[in-house]
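Top to bottom, those sequences are chains E and C. For any residue, its number in the working numbering is found by taking its place in the first sequence, counting from 1, and adding 1361. For any residue, its number in the working numbering is found by taking its place in the second sequence, counting from 1, and adding 1361.
No lab work stands behind these hints, which were simulated from the structure alone. Don't be surprised by glycine CBs; every beta carbon is placed ideally from N, CA and C. Watch out, some of these pointers could steer you wrong.
Calculated cross-link-like contacts (lysine-lysine; reagent style DSS-like; alpha-carbon spacing at most 27 Å) [to be verified]:
(1) E:LYS1478 to C:LYS1578
(2) E:LYS1657 to C:LYS2127
(3) C:LYS2043 to E:LYS2127
(4) E:LYS1862 to C:LYS2127
(5) E:LYS2043 to E:LYS2001
(6) C:LYS1578 to E:LYS1907
(7) E:LYS1578 to C:LYS1578
With the C-beta cut set under 7 Å, the calculated list includes, among others, these residues of chain C facing chain E [unchecked claim]:
(8) GLY1502
(9) ARG1574
(10) VAL1726
(11) LEU1727
(12) LYS1859
(13) TYR2052
What follows is the residue order along each chain.
2 protein chains.
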Amino acid sequence: MNDRSASIEMMDRYWRAANYLSVGQIYLMDNPLLREPLRAEHVKPRLLGHWGTTPGLNFIYVHLNRLIRDRDLDVLYVCGPGHGGPAMVANTWLEGSYSEIYPEIGRDADGMKKLFKQFSFPGGVPSHVAPETPGSIHEGGELGYALVHAFGAAFDNPGLVVACVVGDGEAETGPLAAAWHSNKFLNPRVDGAVLPILHLNGYKIANPTLLARMDDKELEHLFRGYGYDPFFVEGSDPISMHGLMAATLDEVMDRIRDIQADARSDGSIVARPRWPMVVLRSPKGWTGPKEVDGKKVEDFWRSHQVPVSNARGDAAHRKILEDWLRSYRPEELFDSKGGLLPEIAALAPEGEKRMGALPHANGGVLRKDLVLPDWKTFALDLPHPGGKTAEATRLMGVYLRDVISLNADARNFRLMGPDETASNRLDAVFEVTDRVWMEGIEPYDMHLAREGRVMEVLSEHLCQGWLEGYLLTGRHGLFSCYEAFIHIVDSMVNQHAKWLKTSAELPWRRPIASLNYLLTSHVWRQDHNGFSHQDPGFADFVANKKADTVRLYFPPDANTLLWVTDHCLRTWNRINVITAGKQPAPQWLTAEAAEAHCRAGAGIWEWASTCPADEEPDIVMACAGDVPTMEALAAVDLLKTALPDLRIRVVNVVDLMTLQSNSEHPHGFTDEIFDRLFTKDKPVIFAYHGYPYLIHRLTYRRTNHDNLHVHGFREEGTTTTPFDMAVMNQLDRFHLALATLRRLPRLAERSAQFAATLERRLEEHKAFVREHGEDMPEIRNWSWPYGTATDAGD
Amino acid sequence: MNDRSASIEMMDRYWRAANYLSVGQIYLMDNPLLREPLRAEHVKPRLLGHWGTTPGLNFIYVHLNRLIRDRDLDVLYVCGPGHGGPAMVANTWLEGSYSEIYPEIGRDADGMKKLFKQFSFPGGVPSHVAPETPGSIHEGGELGYALVHAFGAAFDNPGLVVACVVGDGEAETGPLAAAWHSNKFLNPRVDGAVLPILHLNGYKIANPTLLARMDDKELEHLFRGYGYDPFFVEGSDPISMHGLMAATLDEVMDRIRDIQADARSDGSIVARPRWPMVVLRSPKGWTGPKEVDGKKVEDFWRSHQVPVSNARGDAAHRKILEDWLRSYRPEELFDSKGGLLPEIAALAPEGEKRMGALPHANGGVLRKDLVLPDWKTFALDLPHPGGKTAEATRLMGVYLRDVISLNADARNFRLMGPDETASNRLDAVFEVTDRVWMEGIEPYDMHLAREGRVMEVLSEHLCQGWLEGYLLTGRHGLFSCYEAFIHIVDSMVNQHAKWLKTSAELPWRRPIASLNYLLTSHVWRQDHNGFSHQDPGFADFVANKKADTVRLYFPPDANTLLWVTDHCLRTWNRINVITAGKQPAPQWLTAEAAEAHCRAGAGIWEWASTCPADEEPDIVMACAGDVPTMEALAAVDLLKTALPDLRIRVVNVVDLMTLQSNSEHPHGFTDEIFDRLFTKDKPVIFAYHGYPYLIHRLTYRRTNHDNLHVHGFREEGTTTTPFDMAVMNQLDRFHLALATLRRLPRLAERSAQFAATLERRLEEHKAFVREHGEDMPEIRNWSWPYGTATDAGD
């Protein structure tokens, strides 16, 4: 036997061991080494797991092991068909990384028995690749994100090879179909390599897959069109497939090495290379039973989950299972104590080279805090509340510019957005960086370059997925997005929140940087784009996730936005949603006032109130969000002119989670504090940025909840003026003032004329905008009365 | 001038007219025909609109007009770059369909002035293609869905050609990238044709587009890989581009005609054809200003929105605008009264051949009610509540089978799902139909065929988009999906809800069939797939939409599911979300009882209560959802054994919107009815399928809200047993019984021992599942006590 065939023989034995352990996990709770004939009680009563994809995943794992050893590589295995959990668990157990993290699952017969039993078992481990699985940054339950995670992991990791298995089921999804284009954003000089391995496993749950039924010629066209050079590995005979796969991976890795060497040589001009990829066409349920009960199983969708369904209750089924397990010849694989034979084990890499022990797959261990500038340096100098107008996100852009500068050498921060960085007023970042772009660059293009901290593509899925992959491997970032369209990634956020929740329960998983959103171009200033662009519901969606994970911030002006941004970039394991406008708007708080206010999360704005903070008001005017705050203050302004003795308290909320009880959310106010702000029995008019229900939902247990009257988005909108958007949803100053009057029946007589005035001004507004197409000058240039205040923002 | 060049000259004039009207809409509020020099007051004060894509859209429109006339086609124009609203408005005005729908916008100078002013103007029309736009089924605000809508429209419309303009920005999105594969589901014999026109406009808001910077060779690979035959039309000289486009469209339409003729000839074997597509590469902002303020505008992203920003305030800018408008030579296009010159107007088709008057674009006018079977035929015969076990969705499948049979000739019903029709137990439909599949079919494949009412692809985006396109063109359907993964299409549902809301306000838009969901494989029975598959939050998302639009149904068993399905298929302009399990579960109501209960939406289950319905209970046990209902009834069962004199009322809720006030939702109960069910002051333990907050949000204004204690999904889950899922979230019978005891402090002394028993049984459960991996037999085979009831379900 020559070296090559010896190596192939050894890989086959390693593969058989992984397959054996995979079948064992799905079926067995005892007799793990088959030292005795298989009996009913050795088989689990409920069989839960997915066999179909697993042998292919094992095949890839063993071949990557060989490659890592031969070339001393750092390889991250992103397992798209994550329901093939048994494969990743089996392989990390074989290489030893599993038992290092979970010492109770030892590398012997007893450990193997526990390994088998715990799988898909109450109190054990999930059936899918999950945070519990060593070596993984990717769940794979909801399909579509493997490739985009892989690219996110590779950015700024020049030494890393991310091997990404894309299932042919997953390949039908939209996010995956778009993710192939990520190669237009990966720079071979400064980023790592992504090696996509499209696994044409043939079938989904009950159907063939689209890509598996395409012929190789069409597939070749498709992937060449995506910019790749596809290498086909096809067949079902294990030994010849081992040979083919090994040779292909060698060729592919040579190609990657050459691409990187070229790009990294001095003076080279970096162009987008044609990266290699592998198309692996192998039978679903490979090496499993060919037929069960006379029906085709191997190489068909019937092998998707549990091919032999009644192995506990039916002796014939049990015989199939036993034959199947014994077909891997466990006696040739494991020693008498259940350990993998040393000559087989030697195929696996060692230490952190093992894919189950790769630090990048537990990004928290690599995470370094960002170096952050002093946000107050960029704060707006404000003579008094309302004394200036500014675009809040423009100041944030200046802050982010310095974040990028200060961390330029660390290369651990990226800003993602769907073509909106400049439109969202964050363009100061382009003073120090560019948009990364590996396609052609024309002389008149602006801020496009081969390297850059900004990533723009018209796909929220790609922005989200890249950022997730980047964070999960220990880096930092922020995603700026139109508020309405962040719903596109609801489900991705959902899965990330679940990952964070579970990871936080695993001591060995170190915290990763938070997933930070800036939602701007928000509902109240999408007057120009119309109804399709008007949706503030992401906050509601996020609020359903675990309290430990989510934060919702509504900074009312630029300085509060700066504080919130700075704060979010310092946190970990959170999903921080910052909603803030980009349009010129009045500014309220000095840096000092902003800091105090944001630290508290919510508070009384005495300077805007008509009675001292420590005195009981007649009514509370609460607000959260920049436009609602402006409208609420204007409403107070109207009210205090007409009814000078009315005692109005203004409460502004930055951190929405303060509204929840402290028993429900770590940021929640105690009832005592809540009652102090919102009173126990006075009417509260609450001007809120989003759907009113969220405020009710957060506060329904509070003492004064029955007096809470929330104005927010009522799903009314079109192309109109900014103020008309507020009017359509009754969030404007006139409606807020009228709502206040309605809650104070004792004033009815005195305020009747004032109410009529307010109604008339609403009519005047409507007539004016329909005539002139813009808001009345008196609305646009509202004169804020705080100029005389001696001390702003106290 | 020969015929061909005369035709091209005429098309160019038509195009200039459309471009002129487009610029006019963006800029002017007076002087529409430029009969006098342009003055500041003729220009709108706020300039809102998108020029960049518009000339390309106009170019396509005029060429399609020519094609329709020449070949007597029915063409639906799906406008992916929907922000180019001015184009579609201009063209429908030119062809006359606009003024037929909006007679106040006449086809003369006065009408033109109104047309201009109303655009992006308060009280006018949106800046994007929207429901207000004649001829459209597609908003195009949120990008990604043009092509999938186009295919949805083409299915079962053999006479229709759907010309779908795909913007190169949109082409970067995931849903669009996947949608190209829709050709694997379109049968040239029985479906219409989709002609994708990829518009390589070059730029997005502030960046080049990925596809525009790919060379033609790579593009050709990509689209051949997707299965198309791309035809390139590239250039910027209008006259040569007209010639090229006309010749290309002729060739392309010949190809489509040949494909259809082949497929439709007797005895032919239908294979997937290589459909043609057009790649149109033209300058962004084509024919607009080349430069403004010394900066490149035409053929660059600066032309995206309003290329001349200060035409009202700045005379130099106004001069650019005036020159630009005059460059179209309006005097050669419009007569003295402002009408389009007859020789130009003659290019447009007539009557319903005009794309703005195509009935398919106002699908409600074509909608025919489904022929529905009597659902009671399939109802489960039930001796008494709990007397049988059944898989609810399996019965639904039998019902749907007959829906498909009864409407087979009408060809107006489709069932969509991501590879889950069989897994979701709807496989009875395969007795009468198949899955449509245009790829290779192997002898051992099951229920794959060239024709079929079932569409399966592993992309929720495609399922949703196809169904939307199908419904919007007047047909019917249902989308069955795993509950957790329906979040993937949150944003699409959002946009569809907005479309429905706006359409309902337009009398000329006729109602379309409802968008119906079956969410199964739900959170409580995803014990096998684990945490990633456990999310009931779609209901919360949908509940934010307009009350007129949304319905949430939680049928507790098979017969109620049948009633609800039948009901939903009879409704229009709704989004109906049905959540129901597919696993064997106890059955509660006879067909008659189910009908009465579902008609009411919620009601007292006297047979499950421990006191008469008309007597005041000590406590209310409420439930919504199949698993919560089972657990609630089991809790009552436990309680009544231990505390026989405790008066428990069981209330079951099928239609969640009954909980809202009738002032908020058309299905909402009056306070009187609500109070009658839930009492005014007794504790209510509410076992709910989803996140508890939703119940609070719906009921916060109800009299007895403070006594409502909701158990639901607390975002706890993993791979475990079904009952353990309930236990982890405190929704199980033991926790519900314990919660009941906690709310009845007067019983504390008597119930202490019982509470201890419940706690012990919880501990026994935990120990048992961790040992055996399945639920205790006594849980799995709970003995329901209703056998002695003389009359079930009264």
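Status of each hint after checking the structure:
Distance hint between LYS1478 (chain E) and LYS1578 (chain C) is unfulfilled; the C-alpha atoms sit about 54 Å from each other, more than 27 Å. Distance check on the hinted pair: LYS1657 (chain E) and LYS2127 (chain C) sit about 39 Å apart at the alpha-carbon level, beyond 27 Å; violated. Between LYS2043 (chain C) and LYS2127 (chain E), the direct Cα distance comes to roughly 48 Å. Violation of the 27 Å bound is thereby established for this hinted pair. For the proposed pair LYS1862 (chain E) and LYS2127 (chain C), the alpha carbon gap of about 22 Å is at most 27 Å, so the pair holds.
Simply put, LYS2043 (chain E) and LYS2001 (chain E) have alpha-carbon atoms about 18 Å apart, close enough for the 27 Å limit, and the pair holds. Distance restraint check for LYS1578 (chain C) and LYS1907 (chain E): the Cα-Cα separation of roughly 49 Å exceeds the 27 Å cut-off, and the hinted pair is therefore not satisfied. This hinted pair checks out: LYS1578 (chain E) and LYS1578 (chain C) have alpha carbons roughly 16 Å apart, not beyond 27 Å. Because the beta carbon of GLY1502 (chain C) sits about 3 Å from the nearest beta carbon in chain E, less than 7 Å, this interface hint is met.
For ARG1574 (chain C), the suggested interface contact is upheld, since its CB lies about 4 Å from the closest CB of chain E, less than 7 Å. Below 7 Å, beta-carbon pairs count as interface contacts, and VAL1726 (chain C) has none with chain E, the closest being about 23 Å; its hint is therefore violated. Proximity of LEU1727 (chain C) to chain E is violated relative to the hint, the smallest CB-CB distance being about 25 Å (cut-off 7 Å). A least Cβ separation of about 5 Å between LYS1859 (chain C) and chain E falls short of the 7 Å threshold, and the interface hint therefore holds.
Among the interface hints, the one on TYR2052 (chain C) holds; its C-beta lies about 5 Å from the nearest C-beta in chain E, closer than the 7 Å criterion.
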